[in-house]
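J.: Order-wise, the sequence lines are chains A and B. Going by numbering that gives the first Met the number 0, the first residue of the first sequence is number 0, and it counts up by one from there. Going by numbering that gives the first Met the number 0, the first residue of the second sequence is number 0, and it counts up by one from there.
These are computed hints drawn from the structure, not numbers from a lab. Certain hints may be false.
What the hints assert, rightly or not - Pairs of lysine-lysine residues, derived as DSS-like cross-links and limited to a Cα-Cα distance of at most 27 Å, are as follows:
hint : chain 1 : residue 1 : chain 2 : residue 2
1    : B       : K699      : B       : K638
2    : B       : K117      : B       : K194
3    : B       : K621      : B       : K496
4    : B       : K711      : A       : K321
5    : B       : K893      : B       : K875
6    : A       : K394      : B       : K711
7    : A       : K394      : B       : K893
8    : B       : K711      : B       : K893
9    : B       : K678      : B       : K427
10   : A       : K321      : B       : K625
11   : B       : K15       : B       : K54
12   : B       : K638      : A       : K394
13   : A       : K394      : B       : K625
14   : B       : K787      : A       : K394
15   : B       : K936      : B       : K243
16   : B       : K496      : B       : K117
17   : B       : K711      : B       : K699
18   : B       : K678      : B       : K787
19   : B       : K427      : B       : K124
20   : B       : K269      : B       : K243
21   : B       : K86       : B       : K133
Unchecked claim - Taking CB as the label site, the calculated pair distances span:
hint : chain 1 : residue 1 : chain 2 : residue 2 : range
22   : A       : A404      : B       : E741      : 48 to 58 Å
23   : A       : I296      : B       : S717      : 49 to 59 Å
24   : A       : I351      : B       : N850      : 53 to 63 Å
25   : A       : Y310      : B       : S717      : 55 to 65 Å
26   : A       : L400      : B       : K241      : 53 to 63 Å
27   : A       : F330      : B       : S717      : 20 to 30 Å
28   : A       : T420      : B       : G704      : 52 to 62 Å
29   : B       : F811      : A       : I222      : 52 to 62 Å
30   : B       : E806      : A       : L295      : 40 to 50 Å
31   : A       : I35       : B       : D911      : 53 to 63 Å
32   : B       : G704      : A       : L400      : 25 to 35 Å
33   : A       : L400      : B       : K955      : 29 to 39 Å
Please read these numbers as outputs of a predicted model, since none were measured by experiment. Even glycine gets a Cβ: it sits at the ideal position worked out from N, Cα and C.
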Amino acid sequence: MSQETTITYSKVNEDIIKMLDKPTVKWWALFVFDLIVLGIGLLCFLYQVYTGLGVAGYSHPVFWAVYITNFVFWVGIAHSGTLISAILFLFRARFRMSIYRIAEAMTVFAVLTAGLFPIIHLGRPWNFYWLIPYPNQRELWVNFRSPLIWDVFAVSTYLTISSVFFFVGMIPDIAAIRDRVKEVPRKIIYTILSLGWKGSNWEWMHYTRAYLYLAAFATPLVISVHSVVSWDFAMANTPGWHTTIFAPYFVAGAIFSGLAMVITLVVPIRRIFHLEKYITISNFEAMAKMIILTSLIVSYAYGVEFFMAWYSGNPYEWEQFKYRATGDYAFFYWLMVFCNSLVPVLLWFKKIRTNIKALFIISLFINIGMWFERFNIIVISLSHEFMPSTWNLYKVSLVELGITAGSFAWFFMFFLLFIKTLPAVSIAELKEILPAPVKEAKTK
Amino acid sequence: MQENKRGGIKRRDFLKIIGVVGTTAAVTGGCSSEPVEQIIPYVIPPEDIVPGIPKWYASTCLECPAGCGIVVKNREGRAIKIEGNPKNPVNSGSLCARGQAALQGLYNPDRIRSPLVKDSSGRFKPLDWGSAEKTLLEKIQSLKEQGRGDRIVFMSGNISGSLERLIKDWLGAIGGGKHLVYETFAYEPLKQGNKIAFGMDKIPTYHVEKTRFVLSFGADFLETWLSPVEYAKKFGLMHSYKEKSMGKFVQIEPRLSLTGANADEWIAIKPGTEAFLALGIAHVIATEGWHSSGISKEEVDMLVALLGRFSPDRVSSITDVPSSTIRRLAEEFVRLRPSIAIGVGAANTSTSATQTVVAINILNYIAGNTREIVNFGESLTISKASSFKDIASLVDSMSKGEVELLFVHNTNPVFTLPDALGFKEALKNVPFVVSFSTFMDETTELASLVLPDCTTLEKWGDYVPREGVYGLVQPAMEPVPLFNTKPIGDVILSLSKQLSGLEELFPQQSFFEYLRDSWRAIHSEVAPNKDFETFWSESLQDGGVFREVASPEVRLSRDILGVDFSEPSFNGEGSLYLMVYPSSRYYDGRGANKPWLQELPDPITTGVWDSWIELHPDTAKKLGVKEGDFLLVESAYGKIEVQAFLYKGIRPDTVAIPIGLGHESYGRYAEKIGVNPIKILPLAYDALSGGLAWLSTRVKISKTGRWARFVKTQQTTSQAGRGIAQAVGLEEIRRGLVKREEHHEPDMYKPHDHKHRWGMSIDLSKCIGCGACVTACYAENNVAFVGKEQVARGRHMSWIRIERFFEEESGFEARFIPMLCQHCDNAPCEPVCPVYATYHNYEGLNVMVYNRCVGTRYCSNNCTYKVRRFNWFTYKWPEPLNWQLNPDVTVRTKGVMEKCTFCSQRIIYAKDRAKDEGRFPRDGEITPACAQTCPTKAIVFGDLKDPESEVSRLSKDERGYHVLEEINTKPSITYLKKVKWDRV
């Protein structure tokens, strides 16, 4: 690549650390807008706690809806971060270098967002800690047979590991920033966060080993966490939920949606901070190819669900799937198929998958499609269960929309803070892929 | 050490002081913003109140003229639950939803709070009883002095016994005014028809339970007709499957009512032509020579001559009933003797209703079904109600200004009379109207003076629903102190004290004394050997005195020859017959102010909190109407706008609207809800009795263009082939072809080790879908009512619901199945709860711990039967409705799940009592509220671990099945399949 000749180690430092310069008016405008939306979401939540869960649109028997949809959606988003940073690290896929930091940040923030929803959706959210098993004076214990308890473990484990992984990966970069910044408070903060990193050979030796182990440690979580989330549904006897394909189906869907979200986030950052040199078209292309793969898996799962419902001869399952495709919510079902199975077909064409604008638009479609996938699984299944007498429809309420919008604001608040305080692209790893001749520090 | 020298305080002292001050601050101040509440125990506790121990008072229900016996549960001075009085022969321990809901009349927040007088601006202003009585006294005094006491009219609902006598005597004493008993549904054609056919000006009691075949000409005897709980009970006995046989029931009506929905066959007759069908059947019986041997030769000749004109073919062309069906019905009517034909109901009271009753009587007579089955000895007191003609002439004299003082008690004529009669306008010509109503209803709104009466549950009285049943009304609690009310009897006696010349006539100090005095007469008649005090206290304990009355012999009168059987006339231009029918929930509208009844789904439509118009899907298609469309219904006398409900159980040429809603004034739960179809009825009379003809108009229907989702609790009518409510053919089960299919799946876990296993059996051949169990459950378990908007989202809280299905494969058949928590042995809800808020206990109950629940709602998602309810809000019972709450049951707050507990508080109570007595609970000792009130006793509860128990026996019945057995939830509830007469 032609411009690589102009990139030097110090240029990398300069370009990336420049991203942390004083925020612009645009950033502030965005941030304030974000906080307003978050505030609205928070008010909606407080209103809901004060009044009762009835302000959400639930109707008997649809007792889970948008909140759990959001939970699964955000947990799913979280997955590709770890996939990119850990699994691709182990596979030595070089295209990950430029985007993995953003993906990791996304993981942590998405888990932080996802973790809110199981609490938001509770009837008595102030008692959420009753789901945590610890010795207590109430002499009460949790029910380890309940998939919701598995969720508690899965999500908290995932948050811990991904945060540690995120932080450890940043230490050398923080040290680089520490060396650059002059203002006192920032200097102190970065000094503390860099844990005294000096960049010695000895340090690098241990660091890379630790990073490798952490990557190996995080890898199974990519599979397990979303499998556990899928068991919230698969362990129930509800037609449309009670199926064995849910774990792989959900994991593939999670990676699928996560990759789309990475593209959605990286494209504007790349453009705003002029990172075209670092985040190249070929990086995007590699992600697009992974999207093609996961889209195929997800589409296959859609087909298999129908096949199993029909082939099993289970009348409740079959009725449920006929209802999905032709019933009251058929629009959302076909919207999902359109977004997740048809739109990604465009990526088969090289011209499209190397076109950043097209990729961005496609990634938005996939985000929407994957949200509705979870909505369909949850809401359609619940509204058409065993007892025909209770079949009923669900309609979303303003409070639910407010809280959902607030959750996006919550996520983007972290993200906006992140790109202004921490290196959004890994400085150290970018240097690894620079060609050898320019490994020359002095340019000026 | 030196600290003492320094003066001041020691470290230890300092800590002590800080400790005391801090704790005191924390205790007194606390961190709560709410004021400190102090609870003070009784200083001198009342002797007869033991906290935690309920007292039961026997009384009589006056929610409708049936007069069922009740026992009222009183806890710590408050009436909290009503149950049927097992000793009363009318209802034998059961009660309908309206009876259950009487408590919400007692504690209705919109009861009138004090006497009211209308001031010159037309507004009511409160005043005390003394001046209220004085106001009235002046009025009476002046009329009396002017000798115009005969211009006083007293209009009341169906009252009988002491109060009726008091009113009559009192009116006589003050100048000879008239007492009119106005009942909305007075069944005058029944009375008149019996007079013509048998010379009996009475409404008898029909012993349906002794029959094998019931042919009902539109009598909705499971809903409102005469005595619904009594007839439901009798119908249950006659129609349930036992010892390989069951009775058959055929309903003849243009619109399939709840009663009709329980029939084995529905004959959708052309409106108002029932007389011809009855005569057609009688014709076949007479010509085939199947008539009873008990009737004389002359009678046979007379009948043959009379019936000659009613050949099945001719009848068929008039009634739309195929002649083959007429012949078959005749054959069955004779073959399945003793049989009975009954009718007519209020809804099909056409201008030829009396002719129908005469025809029915002829049919019964010719088949020999009179003396044993129709008991004129046990005649109903509603027979004594004033005729509609009397009401019409009252309106006439009112508008002429001939009535100077009108008393209205326990009736709401402005609401229940057609506008065409002009009662409301006539009322304006009455200078002084006194209402004794407990509630501000439409009539009371127009009164000059309101003297609010206590409810039945707060006062003394008696009621005689029929000969032989003397029901006592005793207060189940002190009058609710929020309402400054006074029993009407006491008001009359107190007025008499202040009127010159009346003191000696009415010497009693209170109506209680008056009642006791008048019961001395019953005492000397019924039990002259006992002393009065014993008789009185026994009567109070039993809720009255009950005896059997022999059935007199009746002969067919020759008056029948004078009856000109003719088709009814219909008023109006439209093409559709309008059927207005009494609601099983609101009766004539008096139930509308009770939220339990508003929220109880209608058995047929499952609609709540609103009115609707039923029309056939074919008719709807022609008009381009879909469910939820607002339709304009126009008669010659007015128009109303109401939502459409499409119903295959109605003739395409007929539409139907329930009576009871559309109040303009009757408290917050009734006002501005639904429409009152009585408004648009013409003033048409049944030709022979003069009673109001309810089925007398045709209407035009047009779309308004407005649409809203029709709020109902069940969106579907089909079982989707899932075998929820199952049925078997009678022939099949008789031949022993029905075998119990037990479903077994391998289990991973050990079976539960139960001490008891509480279980239930529900016999679908007995369940009539009336919904009494639902309301009983609301009352017993503090189940919240939530209102229309919430029900629209399926958020009603009922722990037990009646599922209603229409089977359309062979004809049109309705099925009902009560659905409640099945207390599964392998409950899907239990493993998914993360905090053990729901778990399986050692008695086989699926327990719900409200305090532990965090509200994940996973249990409901995983509940196969969808019987769990979630508290979306903290629901409120406006003061004093909350006084009704059962102290034994937790009131739930927002965010927790709830569901049927099998009335665990009753189980605990019975177990505690058994323990005190050193024994185990007996079978039948524990009855959940639903089973207790069930009029047909379809629900049986008990211990499945006890092989001798009734429920164990029924659970092994050949008809038994579990709903959705293949899910392997192992429910504790066994349903017994409905048995169907094989379709012809």
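J.: Are the hints correct? Go through all of them and say.
T.: Do the hints match the structure? See the list:
Straight-line distance between C-alpha atoms of B:K699 and B:K638 comes to about 9 Å, which keeps the hinted pair within the 27 Å bound. Among the hinted pairs, B:K117 with B:K194 is inconsistent with the structure: their alpha-carbon atoms are about 45 Å apart, more than 27 Å. A distance of roughly 67 Å separates the Cα atoms of B:K621 and B:K496; the hinted pair therefore is violated under the 27 Å criterion. A C-alpha spacing of about 25 Å is found between B:K711 and A:K321, which places the hinted pair at or below 27 Å, so the restraint holds.
Our distance criterion of 27 Å between C-alpha atoms is met by B:K893 and B:K875, whose separation comes to about 11 Å. For a cut-off of 27 Å, the pair hint linking A:K394 to B:K711 stands: about 16 Å separates their Cα positions. A C-alpha spacing of about 21 Å is found between A:K394 and B:K893, which places the hinted pair at or below 27 Å, so the restraint holds. For the hint linking B:K711 to B:K893, the alpha-carbon distance of about 24 Å falls within 27 Å, and the restraint holds.
Restraint check: the Cα-Cα separation between B:K678 and B:K427 comes to about 18 Å, which is no more than 27 Å; the hinted pair holds. Between A:K321 and B:K625, the direct Cα distance comes to roughly 24 Å. Compliance with the 27 Å bound is thereby established for this hinted pair. About 51 Å separates the Cα atoms of B:K15 and B:K54, which puts this hinted pair outside 27 Å; it is violated. Of the pairs offered as hints, the one joining B:K638 and A:K394 is violated, with about 34 Å between alpha carbons and a cut-off of 27 Å exceeded.
Pair hint A:K394 plus B:K625 holds up; C-alpha atoms about 21 Å apart against a cutoff of 27 Å. Between B:K787 and A:K394, the direct Cα distance comes to roughly 16 Å. Compliance with the 27 Å bound is thereby established for this hinted pair. Among the hinted pairs, B:K936 with B:K243 is consistent with the structure: their alpha-carbon atoms are about 19 Å apart, no more than 27 Å. As the CA atoms of B:K496 and B:K117 are separated by approximately 25 Å, the hinted pair is consistent with the 27 Å bound.
With a C-alpha separation of about 26 Å, the suggested pair B:K711 and B:K699 falls inside the 27 Å cut-off, and the hint holds. Under the criterion of a C-alpha separation no larger than 27 Å, the hint pairing B:K678 with B:K787 is consistent with the structure, at around 24 Å. Annotation: proposed proximity of B:K427 to B:K124 holds, straight-line Cα distance about 19 Å (limit 27 Å). Of the supplied pair hints, the one linking B:K269 and B:K243 is violated, its CA atoms being roughly 35 Å apart against a limit of 27 Å.
At most 27 Å may separate the alpha-carbon atoms for a hinted pair to count; B:K86 and B:K133 exceed this at roughly 43 Å. At about 54 Å, the beta-carbon gap between A:A404 and B:E741 stays in the expected band of 48 to 58 Å. Taken as a hint, the range 49 to 59 Å is violated for the pair A:I296 and B:S717, whose Cβ atoms sit roughly 37 Å apart. Under the hint 53 to 63 Å, the C-beta atoms of A:I351 and B:N850, about 58 Å apart, fit the expected range.
Checked against the hint of 55 to 65 Å, the C-beta distance between A:Y310 and B:S717 comes to roughly 25 Å, which is inconsistent with it. Look at A:L400 against B:K241: about 58 Å separates their beta carbons, and that is inside 53 to 63 Å. A hinted range of 20 to 30 Å holds for the C-beta pair A:F330 and B:S717, which are about 24 Å apart. A beta carbon spacing of about 60 Å between A:T420 and B:G704 agrees with the range 52 to 62 Å that was offered as a hint.
Checking the proposed 52 to 62 Å range against B:F811 and A:I222 shows it holds: the Cβ atoms sit about 55 Å from each other. One distance hint, 40 to 50 Å for the beta-carbon pair B:E806 and A:L295, holds here, with the actual separation near 46 Å. Distance hint check: the CB atoms of A:I35 and B:D911 are about 59 Å apart, consistent with the given range 53 to 63 Å. Taking the beta carbon of each, B:G704 and A:L400 are about 30 Å apart, inside 25 to 35 Å as hinted.
A:L400 and B:K955 have their C-beta atoms about 54 Å apart, which leaves the hinted 29 to 39 Å range violated.
Hint violations for this structure: numbers 2, 3, 11, 12, 20, 21, 23, 25, 33, all remaining hints satisfied.
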